[in-house]
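Hey, can you work out the whole structure from these sequences and the hints?
Counted the way full-length UniProt numbering counts, the sequence shown spans residues 1 to 270.
Hints should not be assumed to be uniformly reliable.
[Said to hold, decoys possible] No farther apart than 20 angstroms at their CA atoms in a straight line, the calculated lysine to aspartate or glutamate pairs in the EDC-like style are these:
1. Lys185 - Glu205
2. Lys185 - Asp195
3. Lys185 - Asp197
[Said to hold, decoys possible] Each pair of labels, with its calculated beta carbon distance range:
4. Leu208 - Ala46: 20 to 30 angstroms
5. Gln235 - Glu104: 15 to 25 angstroms
6. Glu237 - Pro42: 39 to 49 angstroms
Hints in this document: simulated from the structure, not taken from any laboratory.
Note that the structure is a prediction, hence the values are computed from the model and not measured.
Backbone N, C-alpha and C define an ideal beta-carbon position, used for all residues, glycine too.
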Amino acid sequence: MSTPKQLPGARGDVEKPDRSLVREAALRTVNRLQRGYRSDVPAAVAAVARLRREAGHEPHTSPASWGLDDLEALTQLREEREQEGNDITRYLVAQAQRQHEQREEREDQAVHLAVTLWALHQQSVRDEPMHAPGWSLGRAARRLAQENTETSPTPAHPDDEAPSAVARESGQRAVVESVSATVRKRFVRIGTSTDVDTLGRRLREMVLLLRNARIPLDYGLLADQLYRWQPEAGQAEVRRSWGRDFHRTYRNTVLDGEEGTPPSPEHTPT
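So this is what it looks like as structure tokens:
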């Protein structure tokens, strides 16, 4: 008895994360809204407020989330993929179809969590972009931990004036070896999360601290990592990435608007 030929995407594409789709959906939403929000464009300000109110809510479960920019962007990208002939759902048997649906649920969760976290991060901050390429979660947490050991106070309110993290980092080469134990514990708690709800809650706590310190995050990268984190088998890889980035040092970088220049790792301790 011959083995039926496997259709393209019927197994590998279903089980393997489509990282570019998740990252692109998050970036398409965040880059557009960030420009509008920082320029006080009313439509963008209203859209960010709606996204912020959905922080902590499952995608699609709240009627208020229907039609939000993040999920709309993801839907548009899926339609584009279908038009390009990359949609394989019509070929799938029942079990594979369910796997495909589960993949899309993980995509929804990752994009929605990342974009609503950005909306919370950018709240009341118009002088700096809180999405910046190259600022991984580990790097941002490390910078926050270092700031909490320095003499300059961290602003207590997001509307207070504070120099950007990139500006501060670009003006110094020496790495502060001591790190805040409190921030490190919060970062460790993120890494020990075992479900999406707990992870989302702990990420929101970290984002509020990053907002106060004017330290950005790369939300395209975060969306990608949140997607890969959701199957239990992918959690170890994401944790390793966060841990490595926390222990890296970086060459000086210059941020140019929303686009920025991704940092180059200078040294990774062994």
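If you test the structure against every hint from before, which numbers come out violated? The structure conflicts with no hint, since it agrees with every one listed earlier.
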